[in-house]
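Chemist: What follows is each chain in one-letter form.
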Amino acid sequence: MGYDLHFNVIWRNWDKLWGGLLLSLELAVLSIGIGIVIGLTLAVAHVSGNRWVRGAIATYVEAIRNVPLILLVYLVFYGLPQAVDIRYGATTSFVATLSIYAGAYLVEVFRSGLEAIPQGQLDAGRAIGLTPWQRFAHVRLPAMTRITLPALSNTFISLFKDTSVASVIAVPELTWGAQWINLNTFRIVEAYLIATAMYLVTGYVLLFLLRRLERRFRIARHA
Amino acid sequence: MTEPLLAIRDLSKSFGTVQVLKSIDLSVNRGEVVSVIGPSGSGKTTLLRCVNFLESYDGGSITIDGVEVGYDEGRKPRGERALARMRAETGMVFQSFNLFPHLTAAGNVMLGLIKVRGKSKAEAHEIALHWLDRVGLSHRADALPAELSGGQQQRVGIARAVAMEPKILLLDEITSALDPELVGEVLEVVRGLAAEGMTMLMVTHEIAFARDASSRIVFMDAGTVAAEGPPAEFLATADDHPRLSAFLARFRASHF
Ligand SMILES: Nc1ncnc2c1ncn2[C@@H]1O[C@H](COP(=O)(O)OP(=O)(O)OP(=O)(O)O)[C@@H](O)[C@H]1O
Ligand SMILES: [Mg+2]
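Line order of the protein sequences matches chains A and B. Just so it is clear: in the first sequence, position 61 is 61 by my numbering, and no numbers are missing. Just so it is clear: in the second sequence, position 12 is 12 by my numbering, and no numbers are missing.
The shape of chain B in the complex, shown without the other chains (with noise of 0.2 Å):
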């Protein structure tokens, strides 16, 4: 049987009275890399925010490895313990870095894996080390994250959360923050996770970048899922689509 990874149904949430997330079907094999574009208040953040209940959801169910994500069977939500556990096994990377700044760079990888995983801190250094090193900072291992710059820190915080192993990855747009000449870099260790089988939902506007590193690009679009199919397809038929076509019209006017 190929359940996927991560399957999402009829998801719904609302902020108050306002309906951010509607009916949201969508689902991630492993080992796949799904980007997720749209308009700038679409849901976007919000989606992959219930993927690890950072955001509580209203309907539908989010499962991981067929084990519903903030509610047990009952569909009474979980407790923080629970919730932590769950969590732990999906890792996220944020717009805006958010390592722990009384931490080094080595310390922000190694909190979880001491405190969650029950590594000793011996244990829980080499993997840091290993893990910097994939990100190229092992050199900047015992640098606070104010000493470093824009991209590093993000490389941090990609590295901080592949160390713990999850299961799949939750990225949101992760280079938006960043001066445009460290964006490659980040993007490249990305690229890398991704060639080694990473499963990986990500919220991007490096439109260039999901057409070249993912299985899939899923268009949102006022809280629903307009428009989805693997890159070259996907492109492709978008002049068919006409609140994509004016997306990706007005994106590139901005962008190029």
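Bound-form chain A, shown alone (with noise of 0.2 Å):
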């Protein structure tokens, strides 16, 4: 008795798996840039905003993410083209839940990233003439790249595993597709394991890429 497996089928809509791990990888891509736009940008605002700004951006960032991501893409998807009058697919949809919920979570990692900046750096750029804004992007900005990399990568990872919550509101990727394969051949088995086994094999291959990178990083660099 039990299950056996027939990994023949899996194979025969090889293409559902592999088309939906590119999409996964090009939402959780486009996700991280745009959700490192929002967050860089409300970080500065935090540090060198008054009160109130920084009253909003802390209460974007507590909503965020004290919602289950299953929720905020629901309510994206469904919720607002009721309330606004407003159309998008739901790949896009999912692209500006995802950027949202990123940004949240950068917020934090990037004013962490500006404010563990000493001092004595910013003063000594002041002290050669540096004006502000070469300030932010001389000194600032390389230090707080260096400071937030791990965590920008963890994040990165992170947000391609979020990705399969797009399932929900079929989005073809890669855990979609292996709902496909599930449906349309009932190797409910089959296609989850090898849905898994992409997971895991494309997170390691990025987590190896991104160490490679920080490490980079890190390397002697002239002005």
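There may be inaccurate statements among the hints.
[Claimed, not checked] Below, a sample of chain B positions facing chain A; criterion: calculated Cβ distance under 8 Å:
1. N52
2. E80
3. A84
4. R87
5. M92
6. N98
7. F100
8. H102
9. K119
10. V162
11. V183
12. M198
13. I207
[Said to hold, decoys possible] To give an idea of the chain A side of the interface with chain B (calculated C-beta under 8 Å), a few residues:
14. A63
15. N66
16. S112
17. A116
18. G120
19. A124
20. R126
21. Q134
Because the hints were derived from the structure by calculation, they are not lab data. From the three backbone atoms N, C-alpha and C, an ideal C-beta is built for every residue, glycine too.
Build the complex from these two chains, which are given one at a time in their own frames, with help from the hints.
Modeler: Right, here's the structure in full:
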């Protein structure tokens, strides 16, 4: 008795999984990209802003961090178009949701990175006559990047896993591909085993590449 | 006319309700080396930081080459861009080096040359190598600050400041974070700059060095200039000044 594993059906539908994996990566890259813009902008606003700005940013961060991602996905995809006159596809909707979600986590990452820079280095930048923008670009940002890169890598890898939530609104990413195979061939174990393996391998490869990148950043560089 | 290069007149500065500088008058002529000594908390660092407006001041004036440092003609605080231009004219060397950790020794010297002085990368690199050579570090040009000893880092700090060709160099206890055996190499660089006519205002705890290298010594106490004069005279008459002689006595007791 028991369940015989038949992987043939998986290979026949391989494009669903492979295409799904590529879309998952694409979703993660887009979301971390937009999330970095949101996070960095708000972190700078937080560091240099007044009480009200800081309050507004803290509210956003807390709100997003305390709501499960899957609910945010439903709210943006089903709820928002009901409330306001706006239309978008499932993929766009998911990228927007995951970006806002990533942004909330990255504000904290960037904020602590910006605050970790010793005042003396900023003073040194002022003393040689750098303007505020130059100090930001050439003193704060590089120092912050070195401090935050590991946290940024970790965020990217967990975003990559979080893209599986997109399956609930039928975005054809990896988990959705596995579901499709399950529904159409009833090979549930094979489909999810292979999908799991694909998440694992991709996650390890990403981690390896990002750690190498971090090391690169620590190596000597001219102005 | 021999207007002093740096003229500080009736300068006052408070942090909150605490007044840390009280009607300071001090001038530094071109080519002069003026050393500032005094007990901890007497306002030496604050004074130096006011000169390049890393700290704002409340009353009085600071002029370099006749131009008020932090305020325009209507005594409105200068904008950040104008301040940046003013600051490029004064070099500063810090007690804790404050090198940019992501840049090499050469990169640290080059940053201001490229971004502030508008030099090309190649020009800036050449100037950086020249100054690193002057402080005895041309062989370490590609090292990151973390790979350098304290004395080497501080010499890069000096090269970074002087490469900008400032009108005046401000030095704040630049050897007090160093192990004793590294102090000499840094003071040697400063001595060389003094010999070449670099104008300097330096806070120091190295009384012997102040005596040998400076044109004048200033004793600050509780936010005021309590005594000043050429080194020999200054030290000879120290006994007439109870606070100064107490400071020197305490100083000698703890340092020798
Ligand atoms: N940013 C600041 N905010 C509030 N008070 C300050 C600040 N910086 C300095 N002070 C105070 O101003 C006074 C003068 O400090 P300053 O650092 O100028 O002294 P100093 O003579 O350089 O002392 P030291 O020899 O210890 O370096 C001290 O009482 C100090 O606590
Ligand atoms: Mg001090």
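Chemist: Of the numbered hints stated previously, which ones are contradicted by the structure, given in increasing order?
Modeler: 9, 10, 11, 12, 13, 14, 15, 16, 17
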